[in-house]
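S.K.: First to last, the sequence lines map onto chains A and B.
FYI, the numbering for the first sequence is 0 to 191, going by numbering that gives the first Met the number 0.
FYI, the numbering for the second sequence is 0 to 191, going by numbering that gives the first Met the number 0.
Derived from the structure by calculation, the hints contain no laboratory data.
These figures come from a predicted structure and were not determined experimentally.
Misleading hints may appear alongside valid ones.
If you only want the chain B side, here are some residues facing chain A, beta carbon under 10 Å, derived [to be verified]:
hint, residue
1, D35
2, K39
3, G63
4, E65
5, Q87
6, R90
7, Y113
8, N118
9, V130
10, F131
11, L160
12, L161
13, I164
14, P165
When the alpha-carbon atoms are kept at most 30 Å apart in a straight line, the in silico DSSO-like pairs for lysine-lysine are as follows [to be verified]:
hint, chain 1, residue 1, chain 2, residue 2
15, A, K176, A, K72
16, A, K133, B, K72
17, B, K19, B, K29
18, B, K133, A, K39
19, B, K19, A, K133
Even glycine gets a Cβ: it sits at the ideal position worked out from N, Cα and C.
Protein chains: 2
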Amino acid sequence: MIEILLGEIEKAVHVEQHEKELIAGLFHEKKYSKGDYFLKESDVCRHVGFVISGVMRYYINDDGEEKTYGFAKESDFVCNNESFLPQQPSRQIIQALEDCTLLIVGYNDLQTFYTSLKNGERFGRIVIEQVFVKTLQGLNSFYTDSPELRYQKFVKEYPDLLQRIPQYYIASYVGVKPQSLSRIRSRNTSRK
Amino acid sequence: MIEILLGEIEKAVHVEQHEKELIAGLFHEKKYSKGDYFLKESDVCRHVGFVISGVMRYYINDDGEEKTYGFAKESDFVCNNESFLPQQPSRQIIQALEDCTLLIVGYNDLQTFYTSLKNGERFGRIVIEQVFVKTLQGLNSFYTDSPELRYQKFVKEYPDLLQRIPQYYIASYVGVKPQSLSRIRSRNTSRK
Numbered sequence: 000m001i002e003i004l005l006g007e008i009e010k011a012v013h014v015e016q017h018e019k020e021l022i023a024g025l026f027h028e029k030k031y032s033k034g035d036y037f038l039k040e041s042d043v044c045r046h047v048g049f050v051i052s053g054v055m056r057y058y059i060n061d062d063g064e065e066k067t068y069g070f071a072k073e074s075d076f077v078c079n080n081e082s083f084l085p086q087q088p089s090r091q092i093i094q095a096l097e098d099c100t101l102l103i104v105g106y107n108d109l110q111t112f113y114t115s116l117k118n119g120e121r122f123g124r125i126v127i128e129q130v131f132v133k134t135l136q137g138l139n140s141f142y143t144d145s146p147e148l149r150y151q152k153f154v155k156e157y158p159d160l161l162q163r164i165p166q167y168y169i170a171s172y173v174g175v176k177p178q179s180l181s182r183i184r185s186r187n188t189s190r191k
Numbered sequence: 000m001i002e003i004l005l006g007e008i009e010k011a012v013h014v015e016q017h018e019k020e021l022i023a024g025l026f027h028e029k030k031y032s033k034g035d036y037f038l039k040e041s042d043v044c045r046h047v048g049f050v051i052s053g054v055m056r057y058y059i060n061d062d063g064e065e066k067t068y069g070f071a072k073e074s075d076f077v078c079n080n081e082s083f084l085p086q087q088p089s090r091q092i093i094q095a096l097e098d099c100t101l102l103i104v105g106y107n108d109l110q111t112f113y114t115s116l117k118n119g120e121r122f123g124r125i126v127i128e129q130v131f132v133k134t135l136q137g138l139n140s141f142y143t144d145s146p147e148l149r150y151q152k153f154v155k156e157y158p159d160l161l162q163r164i165p166q167y168y169i170a171s172y173v174g175v176k177p178q179s180l181s182r183i184r185s186r187n188t189s190r191k
């Protein structure tokens, strides 16, 4: 299981053999049943997760209405950085949409990762840069894109999730009611 | 001038004497007259700046209406990371509101900074984390806070800019017409 994470890290930086054992000691396996929360509203996000299997959903509860920002699936890191980095309460919620297996690392252990590995800081910088850009693009899309464009982006970014998660969550991501999503889907299908 | 930048870097990490000369060689002084652009719409952001003197404004042009995201002033870094990190065209515009003096570093020279300094990667990670959190908070505020709250946050975050920049730009940041800003200001003053 740790091999999948190590493979992901080695896409960005070189890792020495003895460092692999250190990494294996910092990350721990955690299982979430469908419906379990990785992060609840108002809790502080204390871990970064790496998804081995399953899908997690990011959303906020806006006066009773759930608004979906995004999803994390196999080989994605999962974290609310707005809460994790300053260790402040989260407005965002992260919930398992399927039974999930994650490798998680705590805040202090992640600092050990950064300082103890030769390329730890470099890996941290590269990942946070990637997550930063993806988060900015996601937020700007969330607030400014039309539902039609949101749907097209969803299909492009998460093609395998189309069949994997309930339509209700896709509609929430797109920003429409489920019945409107059906119309958007059929328009997009007829165009192909 | 480089001493101000070095002081800022040394708040986060230790810098060796010989590394200071390297840093001085990577950053270059650049002056912007009031009205000049640090970054134009559709251009790729190729530099990170560090403000020695003056104020810069971040905004987007939304169908002819300028929407102001934030400001950078003395000892702030200035950059549109959504454009700089992936080296893609910018939607955001960054413009000098006063005559400004910046120290700027190009994309490739910044990579040299990261790899050549003992703590270069660490500094890069720490700064990008801080900028990430500030950017997320700013974006969420931009899209969800009331004008009243935006004004209160402006006063708290940029107290010296209240007298320094035209009301027009403060109104644009708050998200109201200048005449509405006057009403918000007087309500906030009368509460004190």
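S.K.: Each hint needs a verdict: does it hold in this structure or not?
M.R.: Against the structure, the hints:
For D35/B, the interface hint is violated, the least distance from its beta-carbon to any beta-carbon of chain A being 25 Å, above 10 Å. Using the Cβ-Cβ criterion of 10 Å, the hint placing K39/B at the interface with chain A is not satisfied: the shortest such distance is roughly 19 Å. For the restraint placing G63/B at the interface with chain A, the shortest Cβ-Cβ distance is roughly 16 Å, beyond the 10 Å limit, so the hint is violated. Nearest Cβ of chain A to the Cβ of E65/B: about 15 Å, over the 10 Å cut. The hint is violated.
The criterion of a C-beta within 10 Å of any C-beta in chain A is met by Q87/B, whose closest approach is roughly 9 Å, and the hint holds. The closest approach between the C-beta of R90/B and any C-beta of chain A is roughly 8 Å, which is under the 10 Å cut-off, so the hint is satisfied. Taken as an interface hint, Y113/B checks out: its beta carbon lies about 7 Å from the nearest beta carbon of chain A, inside 10 Å. The restraint placing N118/B at the interface with chain A holds, with a minimum CB-CB distance near 8 Å, inside the 10 Å limit.
The closest approach between the C-beta of V130/B and any C-beta of chain A is roughly 8 Å, which is under the 10 Å cut-off, so the hint is satisfied. The interface hint given for F131/B holds, since its Cβ lies 5 Å from the closest Cβ of chain A, which is under the 10 Å cut-off. Checking L160/B against chain A: minimum C-beta separation of about 24 Å lies over 10 Å; hint violated. Because the beta carbon of L161/B sits about 26 Å from the nearest beta carbon in chain A, more than 10 Å, this interface hint is broken.
Given hint, I164/B at the interface with chain A, is violated; its Cβ is 25 Å from that chain's nearest Cβ, farther than 10 Å. The interface hint given for P165/B is broken, as the beta carbon of that residue sits about 27 Å from the closest beta carbon of chain A, more than 10 Å. At most 30 Å may separate the alpha-carbon atoms for a hinted pair to count; K176/A and K72/A meet this at roughly 24 Å. A C-alpha spacing of about 27 Å is found between K133/A and K72/B, which places the hinted pair at or below 30 Å, so the restraint holds.
A distance of roughly 19 Å separates the Cα atoms of K19/B and K29/B; the hinted pair therefore holds under the 30 Å criterion. Of the pairs offered as hints, the one joining K133/B and K39/A holds, with about 22 Å between alpha carbons and a cut-off of 30 Å not exceeded. For the suggested pair K19/B and K133/A, the alpha carbons sit about 33 Å apart, so the restraint of at most 30 Å is broken.
In this structure, the hints that do not hold are numbers 1, 2, 3, 4, 11, 12, 13, 14 and 19, in rising order.
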